[in-house]
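Construct the complete structure from the given sequences, taking the supplied hints into account.
Quick note, the sequences are listed as chains A and B, same order. Quick note: the first sequence uses numbering that gives the first Met the number 0, first residue 0, plus one each step. Quick note: the second sequence uses numbering that gives the first Met the number 0, first residue 0, plus one each step.
Keep in mind that the hints were calculated from the coordinates and are not lab data. Even glycine gets a Cβ: it sits at the ideal position worked out from N, Cα and C. One should not assume that every hint holds.
[Unchecked claim] No more than 35 angstroms apart at the CA atoms, straight line, and that leaves these computed lysine-lysine pairs for DSBU-like:
hint, chain 1, residue 1, chain 2, residue 2
1, A, LYS112, A, LYS244
2, A, LYS24, B, LYS45
3, A, LYS144, B, LYS60
4, B, LYS60, A, LYS90
5, A, LYS1, B, LYS27
6, A, LYS89, B, LYS16
7, A, LYS90, A, LYS112
8, B, LYS16, A, LYS159
9, B, LYS16, A, LYS261
10, B, LYS45, A, LYS112
11, A, LYS140, B, LYS60
12, A, LYS556, A, LYS478
13, A, LYS113, A, LYS360
14, B, LYS60, A, LYS129
15, B, LYS27, A, LYS140
16, A, LYS113, B, LYS45
17, B, LYS27, A, LYS129
18, A, LYS360, A, LYS89
19, B, LYS10, A, LYS24
20, B, LYS16, A, LYS144
21, B, LYS27, A, LYS144
[To be verified] From the structure, some residues in chain A lie toward chain B, with a derived Cβ separation under 10 angstroms:
hint, residue
22, THR5
23, GLU62
24, PHE82
25, LEU83
26, LYS84
27, LEU124
28, ILE125
29, ILE130
30, GLU132
31, LYS140
32, LEU146
33, MET149
34, TYR256
35, PHE264
36, ALA493
37, ALA497
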Amino acid sequence: MKNFRTHLMLCAGTGCVSNGSFRIKATLEHELARHELEDEVAVIMTGCNGFCAQGPVMTVLPEGIFYQLLTDENIPRLVEEHFLKGRPVKKLMYAPPAEKAPIPLMSDIGFFKKQRLIALRNRGLIDPEKIDEYIARGGYKALAKALISMSPLEIIEEIKKSGLRGRGGAGYPTGTKWQSAARHKSDVKYIICNADEGDPGAFMDRSIIEGDPHTVIEGMAIAGRAVGSRHGLVYIRTEYPIALKRLNLAIEQAREYGLLGKGIFGTDFDFDITVFRGAGAFVCGESSAMRASIQGEPPEPSSKHIHATEKGLWEKPTVLNNVETLAVVPEIIRRGADFFAGIGTEKSKGTKVFALVGKVKNTGLVEVPMGTTLREIIFDIGGGIQGDREFKAVQTGGPSGGCIPASLLDLPVDFESLTDVGSMMGSGGMIVMDEDTCMVDVARYFLDFLRDESCGKCTACREGTDVMYQIVTAICEGKGGEESIPMLEELGQAVRDASMCALGTSAPNPLLSTLRYFREEYEAHIRDRRCPAGVCKALITFTIDPIKCKACLLCNKNCPQGAISGEKKKPQTIDQANCIKCGVCRDVCKFKAVTVT
Amino acid sequence: MERLRPEDLDKIAERMKKSMSLREGAGKARIAVHMGTCGIAAGARKIMSALLQCVDDSAVKDVILTTSGCAGLCSREPMITVELAGKAPVKYVDLTAEKAKRIFTEHVLNGRIVAEYALALGSEQVL
Chain A
0 MKNFRTHLML
10 CAGTGCVSNG
20 SFRIKATLEH
30 ELARHELEDE
40 VAVIMTGCNG
50 FCAQGPVMTV
60 LPEGIFYQLL
70 TDENIPRLVE
80 EHFLKGRPVK
90 KLMYAPPAEK
100 APIPLMSDIG
110 FFKKQRLIAL
120 RNRGLIDPEK
130 IDEYIARGGY
140 KALAKALISM
150 SPLEIIEEIK
160 KSGLRGRGGA
170 GYPTGTKWQS
180 AARHKSDVKY
190 IICNADEGDP
200 GAFMDRSIIE
210 GDPHTVIEGM
220 AIAGRAVGSR
230 HGLVYIRTEY
240 PIALKRLNLA
250 IEQAREYGLL
260 GKGIFGTDFD
270 FDITVFRGAG
280 AFVCGESSAM
290 RASIQGEPPE
300 PSSKHIHATE
310 KGLWEKPTVL
320 NNVETLAVVP
330 EIIRRGADFF
340 AGIGTEKSKG
350 TKVFALVGKV
360 KNTGLVEVPM
370 GTTLREIIFD
380 IGGGIQGDRE
390 FKAVQTGGPS
400 GGCIPASLLD
410 LPVDFESLTD
420 VGSMMGSGGM
430 IVMDEDTCMV
440 DVARYFLDFL
450 RDESCGKCTA
460 CREGTDVMYQ
470 IVTAICEGKG
480 GEESIPMLEE
490 LGQAVRDASM
500 CALGTSAPNP
510 LLSTLRYFRE
520 EYEAHIRDRR
530 CPAGVCKALI
540 TFTIDPIKCK
550 ACLLCNKNCP
560 QGAISGEKKK
570 PQTIDQANCI
580 KCGVCRDVCK
590 FKAVTVT
Chain B
0 MERLRPEDLD
10 KIAERMKKSM
20 SLREGAGKAR
30 IAVHMGTCGI
40 AAGARKIMSA
50 LLQCVDDSAV
60 KDVILTTSGC
70 AGLCSREPMI
80 TVELAGKAPV
90 KYVDLTAEKA
100 KRIFTEHVLN
110 GRIVAEYALA
120 LGSEQVL
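Rendered as structure tokens:
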């Protein structure tokens, strides 16, 4: 590789790509060439940097200066000022909302400062399409160590000692799973990487594959050695085109180097990986449904009297691990189990990646030690709530998780603590909600998602999620009765008890957890026919406060129904019969004169 | 492509080190070429190219070459500041490509300050 004085690490994760990072790359290269800097400054496309809220983002190395919200128009000035004249452009740097002065260094930005990276260790630092860059950061060293100086049993012992638990949801100890598959004798065994990430708002696995595909390949090969498998398979959704492209490229590069294929590193170990594209059914993330999907059958879960590690894919011993689980395996082998076991809480070791989304200021991908509190994640890293509204709840664990209220913000996050409060770790989605979020509406949204995604095999899940959805919808429309809440609780319990797979047994979680912590909101909808958050359209009225109204007529002009009228220089009024409660008047009003009751 | 042996990983890592260590930002030496309008007019671009060539030609892997703004002494441009790890920065003035090459060999590689081109030791005090 040629030597440059500066590397511009431009994010090419899905978030930044949709905001035009490839166009910015072209403009950057054009401007650099115009100043004859193309031999001095290199533009490198990296995986997701994590700070998606500020995308497209770019880090200038070696200085470590962080630029954000880049557009085509500001590139010429940036190139001339910073890369030619050496004057960093303050205007394009990140300024924390509370402060005025931009803080240029990445290590000074709260969002990055509190994170500890293991699974995301290479994010933004390597070009995911170049295997040499992965190797330069210690890549494939763990595989060499595992093949040459460790026995399969020692690999399993090391993983067990590290305390690593599955990052896909259930938190099953990875070492124990491997051990079980290793014990069963078979000519063929499978290592499957579960990249069927289906939770709304979750993108941990996508980002890992996009930013560092080789770590997943290396983790799978190590797993293969440990359990005696030669066949790896990545089950990934077709909706992840960038991840798919980089994964396939990485597999090809690994084959060229002999890191996949026959006799890896001159040993007798053979291992190769095929990529299986899923069509995006939520239930396919469930192990037995995924197996059916790969075998060409309808993706319905089946009972697990016999564990997949004994009879899994094609009736052969199978290990199914999540992307993030596999991504940390090389670091555990390379740096030793104690390194990993030294981080985290008593029963949950290491770090966890979360997709921090919703009403939080710094939307993005964060990796923190297990045991970090929700408050640290949402306020210190996430920067708090947008528009300085009040925090109301955080939903963890995807559609099967629960909503955690403000009183539990100091909860240290690990597998057990989240389950104790009626939610779960899941794969790491974290949706932040503010005071303007109606919790009944949230339950309705997730029930709608789940009744759509239920495969229909178990009656309780198929019918139960739909009936619960109907009841909650009725409550949102002001048609709930005193019997609604007890009926929902009973139904939720029945769906939980009578469904076979985790989709069904956890489907009532968003409903039951909101009933547990936000019961008074349900009661307000039912008894007072009132939506306290001002969301449920059937229960709210928009009015204009005649004292606050300055008669600017902005609402009048913007109302799509023409429902606002009034004389010039006089307070305006809303014709309730015509109002569709779209909220445009409230959004455009500069004087907060539009109230919702 | 040859199949890799375990020791090849280190060779690749070594080959990549020059560009990768730049990203880590920790180098034994840091050279800043002052690229204000004055510096550019006086020929700072040539100094930058010459230094980049020096880094390419030498075996060092941990020298960081960067740009900086006008150093304030426009009449003495082109200027560079050389900072070895743990040492006070040294400002050089009235440079040419040849002088820059000599500074690179003597100061950056061998730690001997080229006194005849040097303006001063240390940085200005910033309040």
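Going down the list of hints, with the structure as the test:
Straight-line distance between C-alpha atoms of A:LYS112 and A:LYS244 comes to about 31 angstroms, which keeps the hinted pair within the 35 angstroms bound. At most 35 angstroms may separate the alpha-carbon atoms for a hinted pair to count; A:LYS24 and B:LYS45 meet this at roughly 26 angstroms. For the hint pairing A:LYS144 with B:LYS60, the CA-to-CA distance comes to about 27 angstroms; that is within 35 angstroms, so the pair holds. Of the supplied pair hints, the one linking B:LYS60 and A:LYS90 holds, its CA atoms being roughly 33 angstroms apart against a limit of 35 angstroms.
For the hint linking A:LYS1 to B:LYS27, the alpha-carbon distance of about 20 angstroms falls within 35 angstroms, and the restraint holds. Of the supplied pair hints, the one linking A:LYS89 and B:LYS16 holds, its CA atoms being roughly 31 angstroms apart against a limit of 35 angstroms. For the proposed pair A:LYS90 and A:LYS112, the alpha carbon gap of about 21 angstroms is at most 35 angstroms, so the pair holds. With a CA separation close to 34 angstroms, the supplied pair B:LYS16 and A:LYS159 stays within the 35 angstroms bound.
For the proposed pair B:LYS16 and A:LYS261, the alpha carbon gap of about 29 angstroms is at most 35 angstroms, so the pair holds. Among the hinted pairs, B:LYS45 with A:LYS112 is inconsistent with the structure: their alpha-carbon atoms are about 38 angstroms apart, more than 35 angstroms. Our distance criterion of 35 angstroms between C-alpha atoms is met by A:LYS140 and B:LYS60, whose separation comes to about 21 angstroms. Among the hinted pairs, A:LYS556 with A:LYS478 is consistent with the structure: their alpha-carbon atoms are about 34 angstroms apart, no more than 35 angstroms.
Between A:LYS113 and A:LYS360 the alpha-carbon distance is near 16 angstroms, which keeps this suggested pair within the 35 angstroms criterion. At most 35 angstroms may separate the alpha-carbon atoms for a hinted pair to count; B:LYS60 and A:LYS129 meet this at roughly 20 angstroms. The suggested pairing of B:LYS27 with A:LYS140 holds, with an alpha-carbon distance near 26 angstroms, which does not exceed 35 angstroms. The straight-line distance between the Cα atoms of A:LYS113 and B:LYS45 is roughly 42 angstroms, outside the 35 angstroms bound, and the hint therefore fails.
With a C-alpha separation of about 27 angstroms, the suggested pair B:LYS27 and A:LYS129 falls inside the 35 angstroms cut-off, and the hint holds. With a C-alpha separation of about 20 angstroms, the suggested pair A:LYS360 and A:LYS89 falls inside the 35 angstroms cut-off, and the hint holds. For the suggested pair B:LYS10 and A:LYS24, the alpha carbons sit about 31 angstroms apart, so the restraint of at most 35 angstroms is met. The suggested pairing of B:LYS16 with A:LYS144 holds, with an alpha-carbon distance near 21 angstroms, which does not exceed 35 angstroms.
With a C-alpha separation of about 31 angstroms, the suggested pairing of B:LYS27 with A:LYS144 holds against the 35 angstroms cut-off. About 7 angstroms separates the beta-carbon of A:THR5 from the nearest beta-carbon of chain B, less than 10 angstroms, and the hint is met. The criterion of a C-beta within 10 angstroms of any C-beta in chain B is met by A:GLU62, whose closest approach is roughly 7 angstroms, and the hint holds. For A:PHE82, the interface hint holds, since its Cβ comes within 10 angstroms of a Cβ in chain B; the closest pair sits about 7 angstroms apart.
Evaluation of the A:LEU83 hint against chain B yields a held restraint, the C-beta minimum of about 6 angstroms falling below 10 angstroms. Interface hint at A:LYS84: satisfied, since its Cβ lies 5 angstroms from the closest Cβ of chain B, which is below the 10 angstroms cut-off. Annotation: A:LEU124 was flagged as interfacial toward chain B, and the flag holds, the nearest CB pair being 6 angstroms apart, inside 10 angstroms. Taken as an interface hint, A:ILE125 checks out: its beta carbon lies about 8 angstroms from the nearest beta carbon of chain B, inside 10 angstroms.
Residue-level restraint check for A:ILE130 holds (minimum Cβ-Cβ distance to chain B is 9 angstroms; threshold 10 angstroms). Using the Cβ-Cβ criterion of 10 angstroms, the hint placing A:GLU132 at the interface with chain B is satisfied: the shortest such distance is roughly 6 angstroms. Because the beta carbon of A:LYS140 sits about 6 angstroms from the nearest beta carbon in chain B, less than 10 angstroms, this interface hint is met. With its C-beta approaching chain B no nearer than about 8 angstroms, A:LEU146 sits inside the 10 angstroms limit, and its interface hint holds.
Annotation: interface hint on A:MET149 violated; nearest CB of chain B at approximately 13 angstroms, more than 10 angstroms. Interface restraint check: A:TYR256 against chain B, minimum CB-CB distance 5 angstroms, threshold 10 angstroms, status holds. A distance limit of 10 angstroms between C-beta atoms decides the matter here; for A:PHE264 the minimum to chain B is near 5 angstroms, and the interface restraint holds. At about 56 angstroms, the closest approach between the beta carbon of A:ALA493 and any beta carbon in chain B exceeds 10 angstroms, and the interface hint on this residue is violated.
With a least beta-carbon distance of about 53 angstroms to chain B, the hint placing A:ALA497 at the interface is violated under the 10 angstroms criterion.
Checked against the numbered hints listed earlier, the structure breaks hints 10, 16, 33, 36, 37; every other hint is satisfied.
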